[in-house]
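Keeping the supplied structure of chain A fixed, place chains B, C, D and E with the ligands upon it in accordance with the hints.
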Amino acid sequence: QNEQFIPILSYRTGPYAVNGAPYANGVVDYYNLINERDGGINGVKILTEECETGYATDKGVECYERLKSKGPTGAAFINPLSTGITFALTEKTATDKIPIITMGYGRADSKNGAVFAYNFPLLGTYWSAADLAIQQVAKELGGFDKLKGRKISLLYHDSPYGKEPIPMLQVLAQKYGFEFTPIPVTHPGVEQKSQWLAIRQNRPDYVLVWGWGVMNSTAIKEAAAVAYPRDKMIGVWWSGAEPDVTPAGDQATGYKALMLQHGAGKFPVHADIEKHIYAKGKGSTEPVKIGEVLYNRGMVNAMLGVEAIRKAQEKFGKKPLTGEQVRWGLENLVLTDTRIKELGFEGMLKPVSISCSDHEGARYGRVQQWDGKAWKVISDWSTADESLIEPLVTDVSAKYAAEKKIKPRDCAKET
Amino acid sequence: MRAPNANEILLQVEGVALAFGGVRALRDVSFNVKKGEIRAIIGPNGAGKTSMLNVVNGFYHPNHGAITFKGSTRSKMQPFEAARGGIARTFQNVALFKGMSALDNIMAGRTLKVRRGLLWQALRYGPALAEEVEHRRKVEEIIDFLEIETIRKVPVGRLPYGLQKRVELGRALAMEPDLLLLDEPMAGMNVEEKEDMSRFIVDVNNHYGTTIALIEHDMAVVMDLSDRVAVLDHGVKIADGTPDEVKKSQAVIDAYLGVAH
Amino acid sequence: MIALGQFLEVLIGGLMSGVLYSLVALGFVLIFKASGVFNYAQGAMVLLAGLALVRALDLLVANGLPLWVAVILAIGFAAVIMAATAWLIERFVIGPLVNQDGLTLFMSTIGVTFVIESAAEMIFGSDVYPLRLFPTDAWFLFEGLFPGGILVNKLDVWGALIAGVLVAGLAVFFQRTKTGRALRAVADDHLAAHSVGIPISWIWFVVWLVAGLVALVAATVWGTKLGVQFSITFLALKALPVLIIGGLTSIPGAIVGGLIVGAGEKLAEVYLGPSIGGGIEYWFAYVLALAVLLLRPQGLFGERIIERV
Amino acid sequence: MSIAKVVVAATTEATALILSVNNIEVVYDHVILVLKGVSLEVPRGGIVALLGANGAGKTTTLKAVSNLLHAERGEVTKGSILFNGVEVKSLSPNDVVRRGCIQVMEGRRAFPHLTVEENILTGAFTRTDGKLAIAQDLERVYAYFPRLKERRSSTAGYTSGGEQQMCVIGRALMSRPKMILLDEPSMGLAPQIVEEIFEIVKDLNAKEGVSFLLAEQNTNMALRYASHGYILENGRVVMDGEAHALAANEDVKEFYLGVAGEKRKSYRDVKHYKRRKRWLA
Amino acid sequence: MLYREAGQFKATYAEDMAIFPIRQDRIALAVLLGIAFIGVPLLASFRIWPFSTDYLLWAILLPFLILALAAIGTNILVGYCGQISLGSGAFMAIGAYSAYKLATGIHIPLAWLGFAIAIPPLPVLASILLGGFMAAGAGILFGIPSLRIKGLYLAVATLAAQFFFDWAFLRLPWFTNYAPSGSVNAPELDFFGMVVRTPVERYLLCLTFATVMAVLAKNLVRGNLGRQWMAIRDMDIAAELIGIRPLYAKLTAFAVSSFVIGVAGALWAFVYLGSWEPLAFSIDRSLELLFMVIIGGLGSIMGSFIGAAFILIVPIMLNVIPTKLGLPLSTQAITHLQFIIFGSLICYLLIKEPHGFARLISIGKEKLRLWPFPY
Ligand SMILES: Nc1ncnc2c1ncn2[C@@H]1O[C@H](COP(=O)(O)OP(=O)(O)OP(=O)(O)O)[C@@H](O)[C@H]1O
Ligand SMILES: Nc1ncnc2c1ncn2[C@@H]1O[C@H](COP(=O)(O)OP(=O)(O)OP(=O)(O)O)[C@@H](O)[C@H]1O
Ligand SMILES: CC(C)C[C@H](N)C(=O)O
Ligand SMILES: [Mg+2]
Ligand SMILES: [Mg+2]
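Residue numbers (the numbering used here), protein chains in the order written: chain A, 1 to 415; chain B, 1 to 261; chain C, 1 to 309; chain D, 1 to 281; chain E, 1 to 375.
If we strip away everything but chain A, and leave its shape as in the complex, we get (with noise of 0.2 Å):
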């Protein structure tokens, strides 16, 4: 029983499923690629299961609980693809012992290693992004400075997801003195009529959207159906895929999303995902969707996940890993320009470093405008402020840490 087991949370149907499918088909192309290709991580088969979670925080725990021992060492690390999961699993998985992978979500407080042992919130937080798109509306005022008097309003879904960036953009306006105004929206967001009608008498410079599923092209519709110019929207990473923009037609033309480093498109990997994978009909999803946006975001969250057990291997020998060790292999992966390449995952990805004290390993992020027919990119690498997250971490993960009787670890100490 060479096999390493990976639980895959998901959600096909429900009102988020437009948004989940692609996104796991992403993740399962590419385990499955790993085994075609290479016959597993050095030999260890990747055994998966798909559970189905319909975003709804109970049933995915419902999903962990059922997943997480199976396999002959039980679950590598768990992907929960939602804020909301990761909140109710951040205790269980500390104590199961098994890593919790949160790419581009999840609590970004679990950036700090030594409190969240087991949080993995890879390639970017939510107070990153919100960083990230303040940066963007700087940069596009002419300057931080003139930031001051300006209104930011952030249209967000009402779950711990849309909240997570907000007491980060609180300091944030506080720093740069404009005036920020949260505007939430009830899940799933088909009704956001009232929202934008106060937004059309508020006027705010620029609308952050923190959507997802069906929220995200809702508000597009309205902004223009209230004549809010959709340049001045700005989507966090989860707000920026195809099927955000399509539904609302030329209505989405000029609006904009940051990215969680990649974009749409074929890079390398996916020849071999086609060649290995498609050419032989075991794909996910049908052909013309590989390489759209959450379908690469869900390969890289795969391949993320695969290093770190290769990774591990290197410590624990090549033989299916346990959750615990498999976290040390997070904590000590580093993916540099050369390995990505060769993973072929060049032009998705920025250098990688994970350590205990930063989780989070890379706060990388562009901004992409829709033209009409494709996501462009239109800014340059940029990187979230640190000076301004780590306070916020520091001080939250530390009331986190006294609440739960946690000590948190001395970094300095592990290797």
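Hints are supplied without guarantee of correctness; some may be wrong.
Mimicking SDA-like on lysine to any residue, the simulated pairs with C-alpha atoms at most 25 Å apart in a straight line are [as the list claims (entries may be wrong)]:
| hint | chain 1 | residue 1 | chain 2 | residue 2 |
| --- | --- | --- | --- | --- |
| 1 | B | K153 | E | E201 |
| 2 | E | K150 | C | F301 |
| 3 | A | K289 | C | R132 |
Derived by calculation from the structure, the hints in this document are not laboratory data. Predicted, not measured: the structure shown is a model, and the values here were computed from it.
Leaving out everything else, chains B, C, D and E with the ligands in the frame of chain A:
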């Protein structure tokens, strides 16, 4: 034994009028029920008989008039107040609690007599249990009396119509009322069953001294059982008196009986 | 002046979007009125109709048919799908449940909801499919009077027109025809309706079909608004307060309820929301409904609940 | 229903009998056996009375004939019912009505939210002979029951018990049936109206050849108007025969007509406490 | 032949009034309780199949017990008192959040009055029970409309409670102790110094709650109050005319039901989820509870357990079976199929037996009694 006390009036209805939109169900009706008697109310369909009972036990609130029961006068009261005052009734369209067994239906009639509260009942221990058993004993007496032992545990929805009427009577009796209002208790019964029912009514009246007001379309029953009969037609009282008097009244024959009985 | 303009804008926007809810509520009313079934699946039926329509349309257009031909054919196709659904539901779910109480029927429609939603997505796909049958931009009225004008969305106006026509037609059908009378009889007492020879299965098929067609109409409007996608099913929950304010059995009530809910919740959200945290419109609509029911337990235009002994 | 079947069934015997119930068993809820082999026949143009105590199974028998049992979780598990030579089981309830057999259900099942007039008109649902004929029949019903005319626009749910009963009977008459299954028509009606109803029965029977199956507790009346009678006890037919023969039977007299010896005894004087002997069932 | 009450005579009313008057039933129940209280924990602590992993305990038994408890609460209101409620989820939430607030301490500064309400953190057990009482209070409040509003109108009106509390717990930061994400964590489950941590301990805790409350609920529903509720359900006018006060009967039903649901909510949050957000108690939960009581049997305490088991386990089975069979279907298709099957199954059951499993069982028993004769 039975001794109608001619002087004591249990229920006095005074000038009651009731209208629903354009329909004047009752127009200035007055009558009384004496303690211990069996009082019948008859009249053609839609005359206002059921409405009268509804007024008496508070389900309808009359537009005019007053009701004096056991000496206290009211024009308006809530149904459960009437029940607490000692008025029980059965219904024209059987109004049993369909999902419950016959036993539970009758036990429900004892609600007003239950003393122990929610917490005691939840524990169902000691005094609460003792009380429950005591009520059960009383109810079993009624069940025996009405000869429905075999159907105690049957959900009443499954019972044939006639037995349902009997259970309904049992439920009313469980309240130990002073005044029992019966709305067509013998509709849909054959002679034998009517005999049984008559016997129950007479016995209740005799043994417990319960006063009974009765609506019935079977003239034989009415004439045999009742002490006095009031006749309504189109919401107006057209006759009142002993069965024999009423039987002979031309107004009653025209409006109701058709042929002299 | 600005304040007044803004108020009017919110009010009009609210009234209009309320009417869009009415489109969904109408389907509920139809079925309830005719069979006493509280059809939770109405939202799912809108999804199904919308998916059938948009997928057929895309396919036909892709095959080079002129748009108007494609639209007609696609609507025909969707109508056939709704007819098949109506038949299946009658045959396999509601028919066998004749004479059961309202709660059981209600729950069975939730089961139906699961089936329709999933089957629709399985057959027609689960992406977001844009549909553009109506204009979605806005007019800005009285720009001279109010700065920025008063925004009125064209789609909303279309929706309101369609709803008005539907309501008039259906109201006549129910009150004036023999079938309408039979429908109401069935809702009152299944068994008695059987006993006088009303063919309940046929009646129910017709009603579910009409409700399906109403769902199709709703789907054209809502699909244009949101894109055809799963979340359309959530409309069912938004239509419920509309439904009970108007009265479960009243067709015009659905419109009036929609107007009240739409205006009420939007005004509340815009003027009350910010001070107590925002996002209040979901419950506000229901609290509004509760308040109306306390005054009139059968809704504004619903049939009286008969209590007699 | 295939035509062939109808033709085959239409034997000479079937033409003489409008309804024949052959040894049926009915079970409710899969476990409650209510009818244990009931057979009865209604000749074309006959009036047949179905008598029996509470719970004997009269209503169940009628519902089996009109095929309404299904909706109450009941089932005919054995035997057959032929209406006009056609097996009823294969028909839907509305087919039964369309073929001319309508039931007046016990318990005043008027449609509460419809007005009295609307209620009556629903009875004409299966008819296709035009508005005029229906309007005429409506007037005929009003002529039978003037009280209904007075209350025609009232919501049926709010009318009195007797008014509802008249409404339900009137409703059934509107379908112009060949056969009417009357379940306790006299229940809750004033004596005058009861007479009236039996006169209507006689009238329809004589003038229009309508057949009747009559479940009735008012045995006296029923046997006066019927040509035939069946007595049901505990789900079995315990006795049947010509109406006048039944009326003369001593047991029937005692149990159903309340006549002991020759004199009717007063309800006040009934003394027997426990059930007396019954027919051997 | 095995299932007969022949030869079992009851000499007293008390005996006849026992929960299970038939001996065979009593034996079955004793065995079941034995397994639940002793067998399962034993197997689990020695990790013997099927308890070799925590899965069965954590993912099935724990939610089963808690939801069964909530279903009992729902059944009291819907099944016994006939007041259809689509707001059970909200009352679970009230239980959960009240318990959370009580367990973490409450501080309400009333500046204009010059003092503050301050309650120190309460022990977990007290918090859970008080959470139930808070839910009961809210239940009474939202039950008041039921005096006027009936049937499906009431059902929709109860959604006002559902959506209001969904909103309140989401938007009013006080309830979540100003947690920025709105997601809160349960306190440590400390029962008089005994800390409940492992799945087995959690299981036993919930089992105890479920058993005790089921017995109390059973006592209530077979006592006078239960008869009042059922009377209101079956025919409220007649109930009033025999002296049952609708106000009292309905509000006690709302209170008791909400209490039970509230306690279940607190357990769900504290013992099962550990960390939660309002969406855990959404309308879907309310509908799920309603399904449980209807499939299980309206007006049956035992039915609540069966219904909970069914609604909980069937989707899991449906999820597991295709993977076991290795069906060559896309995951998307499988998920959709599961919903289709689940929906159809519900319809099928409702058609087969609209009164739920409880009725099915009683018919089964009846048949057993008559066996070998069909009727
Ligand atoms: N839906 C049902 N479910 C279970 N049992 C039923 C049902 N309907 C009737 N029964 C039973 O069938 C038996 C016959 O009932 P039925 O109503 O046919 O009697 P009936 O002769 O019409 O009596 P009545 O004169 O009281 O109307 C009764 O014992 C009754 O308990
Ligand atoms: N709640 C109500 N709303 C409207 N009309 C009513 C109401 N209650 C009674 N009525 C009307 O009042 C009149 C008297 O009705 P009631 O029920 O008292 O008659 P009844 O004497 O009992 O007749 P029956 O012998 O037929 O039962 C009827 O015409 C009835 O339609
Ligand atoms: C893919 C998802 C994790 C994004 C989601 N909206 C969340 O953060 O919860
Ligand atoms: Mg009456
Ligand atoms: Mg009968």
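List in ascending order the numbers of the hints, as given earlier, that are violated by the structure.
-> 1
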